[in-house]
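Taken in order, these protein sequences are the chains called A, B, C and D. Using our numbering, read the first sequence as starting at 4 and increasing by one per residue. Using our numbering, read the second sequence as starting at 4 and increasing by one per residue. Using our numbering, read the third sequence as starting at 4 and increasing by one per residue. Using our numbering, read the fourth sequence as starting at 4 and increasing by one per residue.
If you are wondering where the hints come from, they were derived from the structure by calculation, not from laboratory data. Since we're looking at a predicted model, the values are computed, not measured. Heads up, some of the hints might be wrong.
Same chains, same label: a pair holds when it works inside one copy or across any pair of copies.
What the hints assert, rightly or not - Below, in silico cross-link-like pairs of lysine to any residue (SDA-like), each with a Cα-Cα straight-line distance of 25 angstroms or less:
1) LYS129 to PRO110
2) LYS232 to TYR32
3) LYS321 to ARG161
4) LYS232 to HIS210
5) LYS331 to VAL93
6) LYS245 to GLU447
7) LYS179 to ASP33
Protein chains: 4
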Amino acid sequence: MSKGKLTGADVAQHNSRDSCWVIVHGKAYDVTEFLPEHPGGQKIILKYAGKDATEEFEPIHPPDTLDKYLDSSKHLGEVDMNTVEQEEKVADPEEIERQERIKRMPPLQACYNLMDFETVARNVMKKTAWAYYSSGADDEITMRENHSAFHKIWFRPRILVDVENVDFSTTMLGTKTSIPFYVTATALGKLGNPEGEVVLTRAAHDHDVIQMIPTLASCSFDEIVDAKKGDQVQWLQLYVNKDREITKRIVQHAEARGCKGLFITVDAPQLGRREKDMRSKFSDAGSNVQATGGDAVDRSQGAARAISSFIDPSLSWKDIPWFQSITKMPIVLKGVQRVEDVLRAAEMGLDGVVLSNHGGRQLDTAPSGIEVLAEVMPILRERGWENKIEIFIDGGIRRSTDILKALCLGARGVGIGRPFLYAMSTYGQAGVSRAMQLLKDEMEMNMRLIGANKIEDLTPSLIDVRGLSSGHHASVPSDTLTLRAYDPLQAPRFSEKSKL
Amino acid sequence: MSKGKLTGADVAQHNSRDSCWVIVHGKAYDVTEFLPEHPGGQKIILKYAGKDATEEFEPIHPPDTLDKYLDSSKHLGEVDMNTVEQEEKVADPEEIERQERIKRMPPLQACYNLMDFETVARNVMKKTAWAYYSSGADDEITMRENHSAFHKIWFRPRILVDVENVDFSTTMLGTKTSIPFYVTATALGKLGNPEGEVVLTRAAHDHDVIQMIPTLASCSFDEIVDAKKGDQVQWLQLYVNKDREITKRIVQHAEARGCKGLFITVDAPQLGRREKDMRSKFSDAGSNVQATGGDAVDRSQGAARAISSFIDPSLSWKDIPWFQSITKMPIVLKGVQRVEDVLRAAEMGLDGVVLSNHGGRQLDTAPSGIEVLAEVMPILRERGWENKIEIFIDGGIRRSTDILKALCLGARGVGIGRPFLYAMSTYGQAGVSRAMQLLKDEMEMNMRLIGANKIEDLTPSLIDVRGLSSGHHASVPSDTLTLRAYDPLQAPRFSEKSKL
Amino acid sequence: MSKGKLTGADVAQHNSRDSCWVIVHGKAYDVTEFLPEHPGGQKIILKYAGKDATEEFEPIHPPDTLDKYLDSSKHLGEVDMNTVEQEEKVADPEEIERQERIKRMPPLQACYNLMDFETVARNVMKKTAWAYYSSGADDEITMRENHSAFHKIWFRPRILVDVENVDFSTTMLGTKTSIPFYVTATALGKLGNPEGEVVLTRAAHDHDVIQMIPTLASCSFDEIVDAKKGDQVQWLQLYVNKDREITKRIVQHAEARGCKGLFITVDAPQLGRREKDMRSKFSDAGSNVQATGGDAVDRSQGAARAISSFIDPSLSWKDIPWFQSITKMPIVLKGVQRVEDVLRAAEMGLDGVVLSNHGGRQLDTAPSGIEVLAEVMPILRERGWENKIEIFIDGGIRRSTDILKALCLGARGVGIGRPFLYAMSTYGQAGVSRAMQLLKDEMEMNMRLIGANKIEDLTPSLIDVRGLSSGHHASVPSDTLTLRAYDPLQAPRFSEKSKL
Amino acid sequence: MSKGKLTGADVAQHNSRDSCWVIVHGKAYDVTEFLPEHPGGQKIILKYAGKDATEEFEPIHPPDTLDKYLDSSKHLGEVDMNTVEQEEKVADPEEIERQERIKRMPPLQACYNLMDFETVARNVMKKTAWAYYSSGADDEITMRENHSAFHKIWFRPRILVDVENVDFSTTMLGTKTSIPFYVTATALGKLGNPEGEVVLTRAAHDHDVIQMIPTLASCSFDEIVDAKKGDQVQWLQLYVNKDREITKRIVQHAEARGCKGLFITVDAPQLGRREKDMRSKFSDAGSNVQATGGDAVDRSQGAARAISSFIDPSLSWKDIPWFQSITKMPIVLKGVQRVEDVLRAAEMGLDGVVLSNHGGRQLDTAPSGIEVLAEVMPILRERGWENKIEIFIDGGIRRSTDILKALCLGARGVGIGRPFLYAMSTYGQAGVSRAMQLLKDEMEMNMRLIGANKIEDLTPSLIDVRGLSSGHHASVPSDTLTLRAYDPLQAPRFSEKSKL
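Okay, chain A solo, but in the shape it has when bound (with noise of 0.2 angstroms):
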């Protein structure tokens, strides 16, 4: 191997299948072996085959991946960069245009809820960053219901309640925290800043938040567990790895580094079709657009399907005693979706569920967490466990109502996600830090609002629930024809303007 530096010429001979070199942060590796193994496919390294593949490869791998998996022999040592030919990257109109946006960027104090810092990001992200982040399974159906479940709640405030003083702190598995909201787990935090995961690390440290490590974050576990500070509390979110030895090396390393609770995530034996995902990466396949057959289909299956081929499909209940083995952590399962399943989790000793649909990008149709709630929390009540575990949920949540609506409904807490994504790929953790004030703002005054002074008041009394009761609902298709020949009615109109 050699030590001295090695240049752009000496790696870019190894271009193709029987020997394929790339560069990663200045350092050259002899993938040629690992090629048909690479989880997301040969085709994406293939690409790279004999150039820096840097820019590509950092948003969705650790810093120590190449540590972990490549093999040292075929780390190849640095790499003199100045002799490496810069691509010379070609002026992609809409990346023109997106970067003419940045330059415009409304001001953070412009947003105003979390909404705002979705439309901001869509307009700034690069295209396939928003795709991964915004993206659903199928017609995107579940992912949208997530929020407007929480419309067919609707209050029924009290008035003339003292709430000179509200308090919203509370507790989750048993951890004191500012606001019954923690920020839950996604993934690839690099695609959308490049500092990553430790953005939110940062910005739930100032706000007293909760923040929940995700298996597949961009920054590595310890980078996230590091840049906490004090007593700031982080949970672990776990993809159970076909081998459980590993596995267990993560639960017991997450325990070992203070993690306090265990989230193992269940809803996604695969992980999703996300069709906007996928879209986004396709064009960057440029070549062969006209190929057809059967094949083609395996390919360009988006950044979920790249990152997640060793989540193991058959885990199921008979592995929990074990997970309870190997850690003190209190332990939540994370995708709950069924009554059901919720009072297995509690028979089992579980300490909680999060009733979840993994933010839409699972299986399409799938309830949201709120309605799944709404009909747990009642048989709960009726068997005296609602006090045995913990519920959560996550999806859809926004504004600070429709956490007051899980909470009336007797939610523990709920989970974030996306918005934070949103708020630090636009604004890093200043845009988190205002989100999480947003939300805090707004709780302050919709507490007073429904008369409630501490999370101990907010019962189920204080919300009407019917409109969950019709199931879920869509209109007859409208006649198009009717429509387009009515002549609707028209306001006052403005005189002409003076041609003189």
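With chain A's structure known, arrange chains B, C and D on it following the hints.
Frame of chain A, contents of chains B, C and D only:
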């Protein structure tokens, strides 16, 4: 203190936080010490430090404000306004377009209903004034639901009733009035019309309609009372001040000046977040738009916050007997939103409640008054209490059919706010008068068409409320791909224009 | 009174309120004294003082109007029309465009359904005529609901029925007819076609369809009866005049001339406010557009008000026996809107009712006929009264499926109005005839497809009315921010057009 | 009959109703006497009198048509095609644009779901072909409802099931197949692809999917059977001919050639009115566009009518035993739409039913198959008949989630039609193959996500059908004035592009 007139140059020297003078209506004031106490924040005053602040000051402060709240030692005396440099206004293209639209305004007779005034107002009002009047809480769902809830109630009209004579005069809180609606209290009338609330007083007189005087009027209370004529009836709307002595003084003064009802607002322990209003203020800020961080949240909260800091969030049921002890006026709670609170109000001997969500300006997804009314009345009737307490509603009323539905359900009367503001802001007193006349015309017509001669004929048998029972209803999000793929039917095509 | 022909100049001198002459169909009339009595107001006459008013007069007055209502002493005799100065019509750009559209009208065969005629009519009719025909009360919610209510009812078709022969002829009020719909009464036919209602008479004859003659026809009653052929059946629609002698004369004359049914309109004690109609008239006014104040309300009320001042709002159930005493024709109440009134009509021995809301032109949010029908029929059947009285409906019928749904529920027949007006206003008699034929074609087809050979086969078992039970349903207003933030899925993109 | 080749000039002389020759595939035919019998009407033939009709003839007549239906004496023999004058096609701007769009078609891999093929097809298919495939009855409400009805059903997914292995192969009518959908019968395949239905046969083979052969195929029955490979399974869809001998011959021939199921269409005693189809034909007519009158109705009825005049509208339950007597193939009724008829089919010993409304092409507001299924299955289970008869559905299936919902309710399998036509019309066999593969990919994914390993695991417990119980639901029409008056909330504004 100088007695000779000050010059603009004198004032202009005091243009900083350290020494801050402002001119209002030709007089100078030293507000340096007052700065930190200003409910609307220091920033807005500092913008006018050393300058004439009249235009900004005028609509949001009653004329007696400076006398009341600023020690007379800070009143610096008159300014020779010829020496004050005129701010050269930058030609704002939006403002130029607005002025152009004002020139082309439709004639008053082209307004055939209350929505028409809103459409005209949206086009001709100043942006910030429009934003303050038209905004609602959060997503403005409740604000819009207030009107659309009426569409869930349909008539069951009676035929072959002799309706030659129709009389819709009625009695509210013991006073006769020509029609069962009143002008409800709305803040800051001078934003829309330089004369402010007295315009409403005059139109209300012409139509024998009751007016509720707002605490947050631009005109002073006495100006509004002075504007009434003959035995015209006025009520007082009250925001309860943290200092109960001030409250007592206000209430007893109102009673002394002839007010016939006291409406205590109970749905606003804190005035709502109205993002349309906040956003309209924002562009004013101008400078430091790139600033970030949490403290930004507290600025530019819109007009609502600026004027409401005195309101007491600790007001509670315990305070009610005190109110009953200080006045003989009938007392009505304004902003009741659930059955239990109506019953409690009746039990405490209150004279009425207004089922209201503050025009959708406070808590989003709070229920509409009309829906709460439909829940409340059967319970009151079951207890035989339907005459023990008068039930009013406000919110979303735009047509006489809306009024009729409320009365059929059992309301004594309804409040109408924004539509009269829009009429006043566009066509002045004549506009308000026409808006009232339109409602009367509709009322006569529609009483006939449902087969009712007088208010007593309006009973639940005349309406179908089944549409309310399904609660709040949101359709499943549609699949956008299918909508795009669908090729709608065509109407017959006109042939192409000949090119000759 | 001059016997020699008058000149235009003679007439033109009488152009004021003090002496007002007008020319109609080549003859001059002195209407000075008549001015205050004109049901449509003085203003519209004064516009033509001293001029030729024929074009305005024609469509809204039956030809015998002047003879009937103006004393013969005011008939001034013929005018030499060559001496009458032609109003030079200002080239109205809207009118020029309309003339252009008329030239490019689609051929009649391109109309495949009744909505197609409406679309063509909207483009080629005069603005005021279109506004009169197409308008409804207030927000036109009932007008549109009339049609969309049919979409809540779905079929439960029967298969494997021998449907080689399908016969949809039926009997209404004792008369055979080819298909269970009739042409219902609509006013002012000459607004759409210079020949007026006789066009409908002729087409009805060709298709063996019953025609209901309107009180407010543009043609005189006798003209319409004269136009019938053979044993063609006509009914009379009656607005009851305050002067019962006039009413008696009309009814007995109709019976003498062979009318087979008397339909007394009971949903119009006062003709509705139709803002589209009012607005279309308004721009005529032209002058004094800046005038303000209450009296403006009484002008420009549209055609509806102008022609209906004679209608008696005191008409009541007490009058029914009198009608039964003056005619042997079957008597039907037109415009019944609640179950109780159907039962009362049956009890009083009336022959039928039309469940109708006057095409949505009277009371907005009045229920659709089809929905009232679904409520009425089970109650009639429970009492064994389903054959005691014939139930008709009108409003919103556009497809034979609509007719079939009404008949399955239990209606004897349905009335169709506007679609034939639109067909008549665009393609004349051929248009009406095609519209009727299209309904027959659809009827044959759809009888087959639901498995019914004859009218008696149409029973409630063939339809699913569960959609009606949820009442009137309005979705929660959507949150516009979320809609804007959402990035819809994309269909595959076509590649860019090459720039070469 | 001339044996030497005819010339174009020879044929061109016979260009009238009196003597009408046409050329098809290089041969001339004398169709003078056949004219009045042509099911599609004389007009369309006369358009090609004396000319080459191949292009029009091809897609809507199987190749053996002329041999079967035209006496051999009318076969005039070959034509020297070099002597036939080429119709100079007028450059149709729509056609030029379509050709341009074809050049820019997205690559096949950019189609990620079945709707994508429809979108591409809409842009690249010939107008008349698109209209025939995509059209539905009347307002196309049922056609669209077929898909949107699936959105009323939501999942209740099971978690922590070992889903490493997923198997969705199943058995339909006794035959194993790889996935529980089949290619249902659709007419006129050559409109979309010059090779016609055999393209579907080949793709079905590649994916081990069953194909139902349509009576109205463009290819002859034998061509389609000849195209099958190995033990590929085909079924026969049958329109019953008025002449039962013909029917018998067809059925027995199909059985002899190996068909494994007979699907008798029972929802089409007459083929539906499809206005999109009719309108697309219309512009062809060109001439006499100003003609009016009733007879026009019978022309240009679209492709559907032209090809279906032989269908027997008298087919009834009485005929079923006869079918059972002439074949041993399992017999299935295709187009059942109510519970009673499913029970009757079971009682008569039929092997299956397809709950179907013919893709929304027959009766508008007929119920969707999925909704009838939800009604039928509980009743079958109550009687213990769930295995007595196989229940299929078709209509609106676009996603594997749709298939899964049908199977959870109790369907044995589902038919898919239009999506494969669109895939075939755009990308040929590769398109159909990819469409099938996409469904398989989705199926595997979604079986995992609901926690099911095999078809037997799909039970009603996995779905929530409450959304179906509210029947068909149409919202109250909105008031357009309010919508226009409402000023929607704004997202933060990007600053203006600098003009420099």
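Hints and how they fare:
In the homo-oligomer, the alpha carbons of LYS129 and PRO110 lie at most 25 angstroms apart both inside one protomer (19 angstroms) and across protomers (23 angstroms), since each shortest distance falls under that limit. Neither within a single protomer nor between protomers do LYS232 and TYR32 lie at most 25 angstroms apart by alpha-carbon distance, with minima of 36 angstroms and 49 angstroms respectively. For the identical chains of this complex, LYS321 and ARG161 are inter-copy neighbours only, at 14 angstroms across copies versus 47 angstroms inside a copy, given an alpha-carbon limit of 25 angstroms. When the C-alpha separation of LYS232 and HIS210 is checked against a cutoff of 25 angstroms, the pair qualifies only within one copy, where the shortest distance is 12 angstroms, while the shortest distance between copies is 57 angstroms.
In this assembly of identical chains, the alpha carbons of LYS331 and VAL93 never lie at most 25 angstroms apart, being 54 angstroms within a copy and 67 angstroms across copies at closest. Taking the closest pair of Cα atoms, LYS245 and GLU447 come within 25 angstroms of each other only across two copies (19 angstroms); inside a single copy the shortest separation is 45 angstroms, beyond that limit. For a Cα distance limit of 25 angstroms, the shortest separation of LYS179 from ASP33 qualifies neither inside one copy, at 49 angstroms, nor across copies, at 48 angstroms.
When each numbered hint is compared with the structure, violations occur for hints 2, 5, 7.
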